[in-house]
Structure formats: C-alpha cells, structure tokens
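Listed here are the chains, written in short residue letters.
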Amino acid sequence: MDFSIIAQNFNLYLQGLQTTVQLVVAALLIGLTLAIPLALMANSRNWLLRGPVFCFSYFFRGTPLLVQMFIIYYGAGQFEFIRNSIWWPILQEAYWCALIAFALNTAAYTTEILRGAIKATAIGEIEAAKACGMSKPLMIRRIILPSAFRRALPAYSNEVIFMLQGSSLASVITLVDITGAARIINARYYSPYEAFITAALLYMALTLLIIFFFKRLEQRWFAHLRPRERQ
Amino acid sequence: MFDLHGYGPSLLEGALLTLQVALISLALAVALGLLGALAKLSESRLARAAAALYTTIIRGVPELVMMLLIFFGGQMLVNHLAGWFGYQDYIDVNPFTAGVITIGFIYGAYMTETFRGAILAVPPGQLEAGYAFAMTRTQVFRRILLPQMMRHALPGLGNNWLVLLKTTALVSVIGLDDMVRKASLAAGATQRPFTFHLTVALGFLAFTTVSVLLLRWAEQRYSIGVRQD
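Protein sequences, first through last, are from chains A and B. Position one of the first sequence corresponds to residue 1 (the numbering used here), numbered consecutively onward. Position one of the second sequence corresponds to residue 232 (the numbering used here), numbered consecutively onward.
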C-alpha cells in the first residue's frame with residue numbers, strides 16, 4: 001500500500017469533506033425544521049392532518065434513499081411544466097437535488113422519532129399546563145416540545161449518524177464528497193485500498209465527533225437525571 | 232403515466248434479483264450476527280475484543296464505501312492471493328458476490344447487537360436446567376436458547392431486514408442488474424426517468440409492506456407461549 005498518493009491528493013479529500021459536512025448539516029437543519037410541525041400533525045386527532053404525514057413518512061422510510069435521489073435528480077426533467085418553471089435551474093443541479101432528497105429523507109425519520117417522543121409526554125404535564133391556563137401554542141412551545149426533544153435525543157443521534165453515512169450516496173450523482181473523492185482517486189491510480197480506507201477513516205472520525213457532541217449534549221440535557229453528588 | 236414501454240418484464244427480473252441479493256445477504260447476516268453475539272458474550276477476552284472491533288468499524292463506515300472497498304479491493308486481494316498460490320489466470324469477483332458479502336457483513340454487525348440483547352433476555356436458569364439434563368453446549372443452544380431468544384430477537388431482526396432490503400439498491404452502483412439499475416437503463420432508453428424510478432420505489436414499498444405483515448404474523452407465532460394483555 002502506498003499512502004503517498006493520498007498525501008499528494010489530500011486537497012481533494014478536504015474538498016470532499018467540506019461538501020459532505022455542508023450537505024449533512026444543511027439536510028439535518030431543513031429536516032428537523034420540517035419534522036417539528038409534521039410530528040405535531042402526526043399526533044393530531046384529525047385524520048386530515050395525520051393522513052398526509054403518514055403517507056409522506058411511509059414513502060420516504062419505505063424506499064431506498066438512492067431511488068429517492070434518482071426520482072428527484074433524473075425524474076424531475078420528465079415533465080414539461082417543471083422544465084419551464086423557475087425551479088428548473090435548481091432541480092438541474094446535482095448538489096441541490098441531493099440536498100432535497102437528503103432533507104426529505106431525514107425529515108421523514110425525524111418526524112417518526114419526534115412523533116414517538118411527543119406521544120410519550122406524561123399526561124400530568126399536559127394537564128398541569130392546561131390548569132395553568134396555557135394556550136395550545138404556548139403549551140407546545142414550553143411543555144411538550146422541550147421534554148419531547150430530550151426524550152428524542154438518543155434516537156436522533158443515531159439518525160444523524162445514518163444521515164452522514166447516507167450522504168455518501170451523493171457521489172453516485174457525480175458530486176465530489178468524501179466518497180466521490182475516493183472514487184476519483186481509485187479511478188485515477190487504481191488503488192482501491194488507499195482511496196477507500198482513507199474515506200472510511202474520515203467517516204469514522206466524523207462519526208466519533210458526532211457521538212462525542214451528542215454525549216456532551218446528553219450530559220447537559222439529562223443533568224437532572226444524574227445521581228446527585230454528595231457535598 | 233405508468234406506461235412501462237415494454238420494460239415491465241425487465242423490471243420484474245430486476246426485482247427477483249433484488250430479492251435474491253436481500254435473502255442471501257440476510258442468511259449471511261444472521262449467521263454472522265449469531266457468531267458475533269456469542270463472541271460478545273463469550274468468556275474469551277480475544278473474542279469479545281474482535282466482536283467489538285467488528286461492530287465499531289461497521290457502524291462508523293458508510294455502506295457504499297464498504298461496498299466499493301470490497302468490490303475493487305477484494306478483486307485485487309483475491310488475485311494477489313491466487314498469484315501466491317501459483318494461480319496465474321485473472322479471477323473476477325462479480326458484483327453479486329461483492330454485494331452479498333458486503334451487505335451480509337454490514338448487517339451481521341447490526342444483528343450482533345440484536346441477538347446479544349435477545350440472548351441476555353433468556354433467563355439463565357433455562358440454560359442451567361439444560362446443562363443439568365446433561366445436554367451439550369450445542370444442544371442447549373439449539374433446543375433451549377435459540378427458540379426462546381427468537382421471540383426477543385424478532386422485532387430487531389425485522390427492523391434490520393427492512394433496512395437491509397433498501398440497502399440492496401446500492402448493488403446497482405457496482406453494476407449488478409437489480410431493480411434499480413434496470414430502471415436506470417429503461418429510463419435512459421425511453422426518456423421516462425420519473426416513471427421508472429417511481430415504479431421501483433413502489434416495488435420497494437410493496438416488499439416492505441409484505442415484510443411487515445409477515446413479521447407481525449411471525450411475532451405472534453413466536454409469542455404463543457406468552458400471556459398478552
């Protein structure tokens with residue numbers, strides 16, 4: 001094995017790292033923003049609110065991310081009205097299509113995580129909020145969401161790691177993320193071990209970083225659950 | 232919109248291949264998962280360390296990177312090894328083998344965690360009773376542990392299967408003619424990408440739905456001896 005190839009082309013990997021991080025962070029932010037109202041809708045008693053969310057999450061959780069990406073990137077061009085719309089410049093770009101697919105995908109999974117967390121809210125807390133005369137939006141903002149976020153945190157950290165790993169699919173539609181960089185190096189030098197092991201190490205480093213970050217966050221958010229220290 | 236321009240049979244062929252890859256990978260994953268779980272719970276420190284390394288590496292590396300590494304790297308490795316043993320012809324690692332090995336290997340790690348939890352859920356007294364009847368270790372495993380742990384393993388196993396099924400889409404990247412690649416080919420030929428990719432998505436949804444129904448039935452079957460409220 002000859003890792004000098006990697007050292008020479010490390011800039012390519014750094015560029016890939018940047019693309020990966022950008023895509024993942026943007027997708028997660030958009031996904032989480034979408035997931036909050038969707039999760040509230042999924043817990044609603046109204047069938048008209050619950051139904052569409054169920055279909056959305058069923059579709060995006062039941063089909064491969066790769067296929068979702070293909071539908072958006074290749075599929076959008078099939079329709080005349082999309083090609084003539086103002087969205088076409090965006091839907092033509094692999095970067096934006098990957099981002100849209102990732103964001104919708106993670107939104108579906110996050111919705112499901114939050115839905116469960118919201119459903120598990122202690123009934124007493126809601127009754128107390130009502131007894132204090134809180135309006136529904138105030139109750140959602142002050143009581144339901146904060147405790148639901150806390151309960152959702154461990155599952156959400158898994159989702160973040162899955163999103164990071166799923167983002168490697170961006171390389172299939174020609175984007176140069178970490179995996180894309182590795183594929184270029186492999187094609188140029190025919191050195192699969194060096195190319196892909198370097199990529200694997202970068203992903204592992206990112207994964208460890210995410211785990212570390214969520215550990216810190218959990219320590220903060222679950223501070224009230226830690227055994228009390230003796231004085 | 233669902234005019235498949237005569238590519239229907241081709242997509243069906245692809246769907247069969249997708250199922251084939253998924254089922255063979257599942258068998259490999261279950262075997263690796265059982266081995267991994269036994270290693271994680273074993274008294275040997277070496278076995279535990281090896282199993283921990285296995286699950287940590289798999290969880291940190293994306294499936295696609297692993298698949299490309301095994302597909303391209305495995306090709307070189309096999310030919311190097313064959314060269315050492317004096318075999319001169321070029322050996323081709325086909326995408327099917329590479330895909331099945333990768334997916335089996337990855338989901339073996341997830342199965343390890345599932346089975347480890349399930350084994351721990353079987354009361355130790357059950358196993359001790361088995362040994363007290365002078366059963367051998369394999370007999371205890373097959374007659375006592377396996378049937379009882381299956382009930383606890385099924386929900387996790389079912390989830391892993393659903394994720395595994397969707398992961399098979401990746402084999403299209405290394406050139407295997409599964410459902411996803413057949414759709415890409417058909418889309419290229421007919422200029423109808425949305426139709427074909429959506430059809431494949433619906434195919435996956437159908438597989439998922441059938442799996443969920445079967446799993447529900449299996450869970451009920453394995454819980455027959457348990458009281459339910």
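In short, the hints are calculated from the structure, not lab data. Honestly, I wouldn't trust all of these hints.
To be verified - Quick list of simulated restraints, FRET-style, between CB atoms: (1) 390(B) / 44(A): 18 to 28 angstroms; (2) 421(B) / 8(A): 19 to 29 angstroms; (3) 213(A) / 356(B): 37 to 47 angstroms; (4) 288(B) / 11(A): 46 to 56 angstroms; (5) 25(A) / 394(B): 33 to 43 angstroms.
All residues carry an ideal CB built from backbone N, CA and C; glycine is no exception.
Now the hints, each set against the structure:
| no. | hint | in the structure |
| --- | --- | --- |
| 1 | 390(B) / 44(A): 18 to 28 angstroms | holds (26 angstroms) |
| 2 | 421(B) / 8(A): 19 to 29 angstroms | violated (43 angstroms) |
| 3 | 213(A) / 356(B): 37 to 47 angstroms | holds (42 angstroms) |
| 4 | 288(B) / 11(A): 46 to 56 angstroms | violated (27 angstroms) |
| 5 | 25(A) / 394(B): 33 to 43 angstroms | violated (23 angstroms) |
Checked against the numbered hints given earlier, the structure breaks hints 2, 4, 5 and satisfies all the rest.
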